[in-house]
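Residue numbers (the numbering used here), protein chains in the order written: chain A, 1421 to 1686; chain B, 595 to 914.
Derived by calculation from the structure, the hints in this document are not laboratory data. One or more of the hints may lead you astray.
Said to hold, decoys possible - Lysine-lysine pairs mimicking PhoX-like chemistry, simulated, CA-CA at most 20 Å apart:
hint : chain 1 : residue 1 : chain 2 : residue 2
1    : B       : K873      : A       : K1683
2    : B       : K702      : A       : K1529
3    : A       : K1506     : A       : K1624
4    : A       : K1506     : A       : K1474
5    : B       : K775      : B       : K702
6    : B       : K911      : A       : K1684
7    : B       : K740      : B       : K702
8    : B       : K636      : B       : K611
9    : B       : K678      : B       : K702
10   : A       : K1506     : A       : K1472
11   : B       : K873      : A       : K1684
12   : B       : K913      : A       : K1684
13   : A       : K1683     : B       : K911
14   : A       : K1666     : B       : K880
15   : A       : K1474     : A       : K1583
16   : B       : K661      : A       : K1583
17   : B       : K621      : B       : K611
18   : B       : K913      : A       : K1683
19   : A       : K1529     : A       : K1506
20   : B       : K775      : A       : K1583
21   : B       : K661      : B       : K775
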Amino acid sequence: MTLSNIVVLVKYVPDATGDRKFEADNTVDRVGVDGLLSELDEYAVEQALQIKEKRADEEITVTALTVGPAEAEAAVRKALQMGADKAVHVQDDAIAGSDAVATSLVLAKAIEKIGVPELVVGGLASTDGGLSVVPAMLAERLGLPQVTLAAVVETQGDQVRIKRDGDTATEVVGGTLPLVLSVTDQSGEARYPSFKGIMAAKKKPLDTFSLADLGVDASEVGLGAAWTTVENVTARPPRTAGEIVKDEDGSGATALVDFLASKKFI
Amino acid sequence: MSEVLVLVDHVDGAVRKPTYELLAIAKRIGSPSAVFIGGADKSAAVADAVKAYGADKVYVVDDAEIKGYLVAPKAEVLQQLAEKASPAAILIPASAEGKEIAGRLAIKLSSGLITDAVDVQVNGDDIVTTQSVFAGNFTVDAKVVKGTPIIAVKPNAAAPEEGAGAGAVEEFAASISDAAKTAQIVASQPRQATGRPELTEAAIVVSGGRGTGGDFTAVEGLADALGAAVGASRAAVDSGWKPHTFQVGQTGKVVSPQLYVANGISGAIQHRAGMQTSKTIVAVNKDEEAPIFELVDFGVVGDLHSVLPAATAEIEKRKG
Ligand SMILES: Cc1cc2nc3c(=O)[nH]c(=O)nc-3n(C[C@H](O)[C@H](O)[C@H](O)COP(=O)(O)OP(=O)(O)OC[C@H]3O[C@@H](n4cnc5c(N)ncnc54)[C@H](O)[C@@H]3O)c2cc1C
Ligand SMILES: Nc1ncnc2c1ncn2[C@@H]1O[C@H](COP(=O)(O)O)[C@@H](O)[C@H]1O
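Isolated chain A (complex conformation):
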């Protein structure tokens, strides 16, 4: 099988260094805060581009796909600047508040509309709600195998081999295209957009689809359709200021051990 299409999943997330909040309806506030392409999805874009570059004799199109509010266009724009060829942004007010189940549905329908590629690449997790489940759900919906959490990715012909650090072992996992791949931040630094890349991105195609374009009924997505509901959100009480001592001639060690003993750790 030749590789002709790669879809890379990129999410627009609130900036982790900013003040992340919840709305009154217990959904993540995605509008009132600064957002950006999820850092962890930059690694997915990078791997997609590297695969394209390594297989220069094949005509490979890399399409960046995002599902999110109007501002989420920034996420696919960044991917285009990094070197993706095309972008698709699914935007519809009805999508707001969707859970991973609904997000995976919209992603699957968008991918079917674009044309199911040989390779879908996602990130390790959203840096906001971060469940690390969307790639698996998407694979299930598309009827594809998944090869996830890759620290090292290699492809050859229709074979994909990854290395990953599992919970109990380091594994090499193999799969045959078509499949869904996800990569971690161990997979290699993501490139910065070059000036040339930024200029070129302005001319690259960017399609925006609504739910109607994808044939998804608004009742299947959004907060109202979620299969789970949040009952309560509580901010963690601020930590009370602890005791800080300066080590002088070994006094720090004794004070530390006294503290540990007072808490019954010794």
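With chain A held as given, fit chain B with the ligands onto it using these hints.
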């Protein structure tokens, strides 16, 4: 009483502790049914182990045909069991693999999924889960409102409870599609045993960062004196001083021990994301301005290479 399916977390038949925690949670909801997908020759020992922690039923699914085929076949097994048993809930360990099984299963069963629960309680007819989100800055209570609740539970969410269940063993022959057998583990190198507790399960974690300068002797010495697991910051992992499995943080392990000791770690937001729900936090850092000190219950401004060995010696002395 309805069954509650608990997927057994094991390595070649050696049951891992989170399984017992899940069984304790399952008892709050209904009658625990452990699901063991593994080697037939290990099933008797596994059945004994989970029975001792309250399993009323043990479904044994021989994995001869599906071993090495990642998560898709396991999701099919659980789907078929769920259709047969109509459980009140399905509990899965929130490991990387567990969450992916849960994700696929949720789509198959058209059921809601909650991942990374740190607590699960029954409130009237509702199963209410607690999750910690945004780097531990918020706690969220949630419940599943569609289908069979599928809950991926983090380690340490409950204490294992000894107490024998009925432990009836039932072999279950699942039919696995060819499509589920397409991605495969082709090589596996088991993690070398460190003789220390598992990072995510440990009651105490002692971590080292760039400030160790690559020498973890002092960190490991203190860890051993306290019976703790060893962790690392990403800077220490990226420098090649520790493998990635030691990494604590947003893209490593999220730990929530009774005590977390950060040594030579500045306290970047991505590191905090992996440790700030720890009950007690201690830091040793030579920079009094290090952000980690904003989190601590107790902090020492000093050089870890002198403070830690001295503290270790003092602990050994007091232990006698
Ligand atoms: C996408 C992404 C994901 C990330 N995920 C993670 C993650 O999962 N986990 C993680 O940890 N980081 C993560 N990071 C990296 C994070 O931003 C920080 O760079 C990292 O945590 C810094 O590690 P450190 O504290 O060991 O090093 P530094 O920030 O360099 O801090 C070293 C500290 O050691 C102190 N020190 C030096 N010498 C001594 C001494 N002799 N005795 C005592 N103290 C000393 C210094 O004062 C300093 O405070 C991530 C970053 C990104 C972009
Ligand atoms: N709304 C979205 N749009 C595009 N990709 C997404 C979206 N949500 C999740 N993803 C992809 O799925 C990965 C895992 O997401 P999650 O399961 O939410 O942690 C992310 O790193 C993205 O690659």
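To see whether the hints hold, each was checked on the structure:
| no. | hint | in the structure |
| --- | --- | --- |
| 1 | K873/B - K1683/A | holds (11 Å) |
| 2 | K702/B - K1529/A | holds (17 Å) |
| 3 | K1506/A - K1624/A | holds (6 Å) |
| 4 | K1506/A - K1474/A | holds (19 Å) |
| 5 | K775/B - K702/B | holds (17 Å) |
| 6 | K911/B - K1684/A | holds (16 Å) |
| 7 | K740/B - K702/B | holds (13 Å) |
| 8 | K636/B - K611/B | holds (17 Å) |
| 9 | K678/B - K702/B | holds (14 Å) |
| 10 | K1506/A - K1472/A | holds (14 Å) |
| 11 | K873/B - K1684/A | holds (13 Å) |
| 12 | K913/B - K1684/A | holds (12 Å) |
| 13 | K1683/A - K911/B | holds (18 Å) |
| 14 | K1666/A - K880/B | holds (9 Å) |
| 15 | K1474/A - K1583/A | holds (18 Å) |
| 16 | K661/B - K1583/A | holds (18 Å) |
| 17 | K621/B - K611/B | holds (16 Å) |
| 18 | K913/B - K1683/A | holds (15 Å) |
| 19 | K1529/A - K1506/A | holds (17 Å) |
| 20 | K775/B - K1583/A | holds (19 Å) |
| 21 | K661/B - K775/B | holds (9 Å) |
Comparing the model with each earlier hint shows no violations; every hint is respected.
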